[in-house]
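Novice: With the hints as a guide, bring the two chains together.
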Amino acid sequence: MSERRDPIAPAGGDVANAPVLEVRNLGVTYGSGSDAVVAIRELSFSIAPGEFVCIVGPSGCGKTTLLKSIAGLLRPTRGDAYVAGKRVDGPPKDLALVFQEYTRSLLPWLTVGDNVTFPLAARKVPKSEQLARRKAALAQVGLPGFDDKYPWQLSGGMQQRVAIARALAYEPAVLLMDEPFASLDAQSRADLEDLVLKVQRDTGLTVVFVTHDIDESVYEADRVIVLTQRPTAIRQILAVDLPKPRDQITTKALPEFVRLRTEVLKLIKNEPTVD
Amino acid sequence: MGADVPVHGSAQVAQKPLPSGVAPRSKAGLTWWQRVGEPALVVLCVIGAWELLTRTGVLPAKDLPPATVIGAAFIGDIQQSRVWEALGATLTSWAVGLAGSILVGIPAGLLLGSSQLAYRLFQPSLEFVRTIPSIAALPLLILLLGTRGYQLAAAMTFLGAVWPIMIQTMYGVRDVDPTTMDAGRAYGLGPFQLFIRIVLPSAFPYIATGLRLGAVVGLLLSVAASLIAGGTGIGFLIVNASFSGVPELVYARIVLTGIVGLGVTLTLVAIESRLLFWHASRRRTVT
Ligand SMILES: Nc1ncnc2c1ncn2[C@@H]1O[C@H](COP(=O)(O)OP(=O)(O)O)[C@@H](O)[C@H]1O
Ligand SMILES: [Mg+2]
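Protein chains in written order, with the working numbering: chain A, 1 to 275; chain B, 1 to 287.
Any given hint might turn out to be false.
Said to hold, decoys possible - Covered by chain A, per the in silico footprint, the following chain B stretches (three or more residues, Cβ under 8 angstroms):
1. 181–189
2. 192–203
3. 269–283
What the hints assert, rightly or not - Away from chain A, derived, C-beta distances all over 10 angstroms, residues of chain B:
4. Ala108
5. Leu256
6. Thr265
As the list claims (entries may be wrong) - Stretches of chain A that chain B covers, calculated by requiring three or more beta carbons in the stretch to come under 8 angstroms of a beta carbon on chain B:
7. 63–74
8. 95–101
9. 112–123
Calculated from the structure, these hints are not laboratory results.
Beta carbons are placed, not taken as given, at the ideal position from N, Cα and C, and that holds for glycine.
Just chain B, with the same shape it has in the complex (with noise of 0.2 angstroms):
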């Protein structure tokens, strides 16, 4: 769990200058149809495959049910307030978790990136921390919040997604090009100028990179609570499903909740590829 670092996503090429006219346009030269249709076309591949496989009894139909059937449970489940309620329960928690984790990750991260001092001294126990799987705190904070309320998937979220967000932070200010630095301090910015106007601009690809990793992580996490203790969310629907002995209705929920986490994705994607316009990731012109 928790992020590689530092990850630079498709975001971080290095600063370097590029050789004008060769600007790396990301996904440059592909058509609408080689950047959706292809993929698509794939996903509906395996959908067929999986259909044969089931109703051929290649596959036993009765863990793994067709495709058509899990899309029937599929509509069936959407159209019952049940499921949306259980979303809107995991998504809220997630919300919370992840508003605290970026409020508690990235001061920190810029904290930990600006003073060689708190770098020095917390660095190696953060990379250690973050390496111990957030799913082990779980029983720790069952004990601590119970299993009712939104609160245990808002702290799994949390801790999903603090530590991609404060690292990623972390990385992207001790990034800052020197001479961009020294550009600032020798037309006169303060400490406080270079900061807002240097600084943040500078890590800010990073910590985008931070907060779409943290989010989906977290995502994770939220429904990881309810699926193993319980409570109002998603992940105990999905449960619940599985001790009713309807497998297609399990098999509906994942697709339900994986479609979300891809929600959530492109979304940060598409907010992040506006912002970073700039970025020698993103350029579209160079001439």
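Isolated chain A (complex conformation) (with noise of 0.2 angstroms):
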């Protein structure tokens, strides 16, 4: 096994490889006076270019309230986050994001073909351009040829495919994931996780996953962050030394593997780790 590199600092921690995303001191409180509900108490940490970490927490800590501040879809009460180094302050150009509700994420009134598109066509990308990463972006995530389908002629897991796919077309620095897999059965999880790998070790792209599921963290991550229960803050950072590429059978029998999620485990439980 290879020496543990230090978990805090984001991996190949040299000086040229600045953060891509860093999130400073970042808190979130819902509401005022008697019935505020401090969502984030307070979290710091950054992730460098080209890496792949997971969030993992249980229901209701703040990982969708996280991803929306970094994504700039809520201000946070305290705290910055900083993409590309540029402090967040409404959607960034380099960000995107999937959701976990393909459905309603989806525009249902749209082919999957302008699906994809469709954040292109509102920045005016040349339509020659567009289709042009539509067609890679639909190729990546194995759907060739869907484009004049409609999202709701799809499975959930083709679903999921097709909001991939926009966000790659976009071409973003960061890739957000609030628990994209959740709602689909075991095999299209584990082929879309399979995929999620893959495009990113392809492309390069900085991937930030959030799941609740331990298996899925610490299967995909180079750095697994575990929250607390709210007010939710860090629990600890664990990094995932795992040999790539990963494989869903021999990577999830190797030791490592199982000591990973049995200290992950212990971790959201709360219970003493022996690290």
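Specialist: Structural data, given as structure tokens:
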């Protein structure tokens, strides 16, 4: 096994590799006065370009809230997020978001092709480039030639592929995914986990992947950020040094995989860990 | 008068994802005979019963002419230009009033639905106003507009149609899925782009229902205006036939009005289901 690196700093943390995503002292409180809900107490972490980071935490601990703050959809109460060095103040240009609810994030009145390109159309990207990007993105997610279908004619797994294609065609620096496979069946889920890993490897995209599934987090990640219950803070950050490319059967059978998932589980259940 | 709110019509099933394979194929599995033939048979039976009851004297034939007599009057009536001119006048007023109610109702509804403040300030009064029967405005409108021109019936159509259109549009905008909006925002759409690309298409099923309701209510009121106040519309011809003591002509013209109303409804439903092919209630194929 390779030497364990410092899990707090981003992987490959040389000076030239400035973080592509940084969260500094970020806190979110919903409501005010006696109704106030402290969703996130305080979070700080940074992510290097090309990293695959999973964020796991119990349901309701503020994972969606965190992603919304990073995506500029929600103003944090305290602290800031920085994407590519710029403070987030509204949705950043270099960031794409994949939601858990694919049926609600895709537009049912648009074809698959138009769902992939509408962000580009809104941004007045030339038509020919839109088509080229859409073709490449749909091929990348294994849906070549599905342009003229409607999302509701596809299975759940395929719809989420369309949502991923939309994100890829946007050519972001950072891809945020909010429990993207939580409502899929086991087979589609495994397929899509591998798809995202492959796409990440091919493109060098930075991926922040939120999940409440511990196995999934360890399987996908270079680092796992484990969150506490509300009011949320970072419980621990773990480096995952499992060999790549990962494989659903062999990777998950590795002793190191089992050790890591047990550790994450203990952290989430708030039990003492051996580390 | 006015629509129950929010009226979802058949077009508005919840926007929730459907488990694949169980899309509610509206009117699915029904043959042409079941959809058209059987209801038509019911109509024929009612007409037959009517004929029988009036011919045998169970119902007084003086006030309730037999169906065949009404049919003959209908055939005779529609061969004269008079009834078509009256119908044309009613439909012109209706079209003008409906156009006005669309021009006012949709923008107003969009505004009321988009602005939390506008919604909070106006929604209660709107809910109140729409419960007032539009017909109550007729005496005032007669004073303002007179009874001779097309304006009175147009104004009545407007009053009947503008509320369902406005209210449906308002609820349509308010019901836009927040996740869909977030997706648009996350992908860099500004307020205008969000409005054009997400709010309008999302609200469209509601707006279409509002239009359909408004069109029908408006037609009723356009007819009612000439029925009560006179003038040139089909309503006046119905009253006229009554004053002339020709009951079969009264019924014939009522039937004609009904057919026109049915035509309007069916046309709008057909357009609606074409444009809303993507909506959960109308999807044909889920694999
Ligand atoms: N708009 C909101 N207003 C008030 N409370 C909210 C809102 N959104 C989320 N919350 C609360 O904040 C907490 C974190 O929510 P969320 O970020 O959705 O958690 P997760 O995605 O981890 O399940 C939950 O307790 C939730 O009830
Ligand atoms: Mg969530």
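Novice: Now, for every hint given, state plainly whether the structure supports it.
Specialist: Here's how the hints hold up against the structure:
Coverage of the region 181–189 of chain B by chain A holds in this model, with 7 residues showing a Cβ closer than 8 angstroms to a Cβ of that chain against a need of three. Figure legend: the region 192–203 of chain B, annotated as covered by chain A; annotation consistent (4 residues with Cβ-Cβ distances under 8 angstroms, at least 3 required). Counting residues of the region 269–283 of chain B whose CB falls under 8 angstroms from any CB of chain A gives 4; the rule of at least 3 is met. Consistency note on B/Ala108: stated as away from chain A, and its beta-carbon is indeed over 10 angstroms from all of that chain's, at 24 angstroms minimum.
No beta-carbon of chain A comes within 10 angstroms of the beta-carbon of B/Leu256; the shortest separation is about 38 angstroms. No beta-carbon of chain A comes within 10 angstroms of the beta-carbon of B/Thr265; the shortest separation is about 24 angstroms. Coverage of the region 63–74 of chain A by chain B holds [criterion: at least 3 residues with CB-CB distance below 8 angstroms; count 4]. For the region 95–101 of chain A, the assignment as covered by chain B holds, since 5 residues bring a beta-carbon within under 8 angstroms of that chain's beta-carbons and 3 suffice.
Figure legend: the region 112–123 of chain A, annotated as covered by chain B; annotation consistent (4 residues with Cβ-Cβ distances under 8 angstroms, at least 3 required).
Violated hints for the displayed structure: none, as all numbered hints are satisfied.
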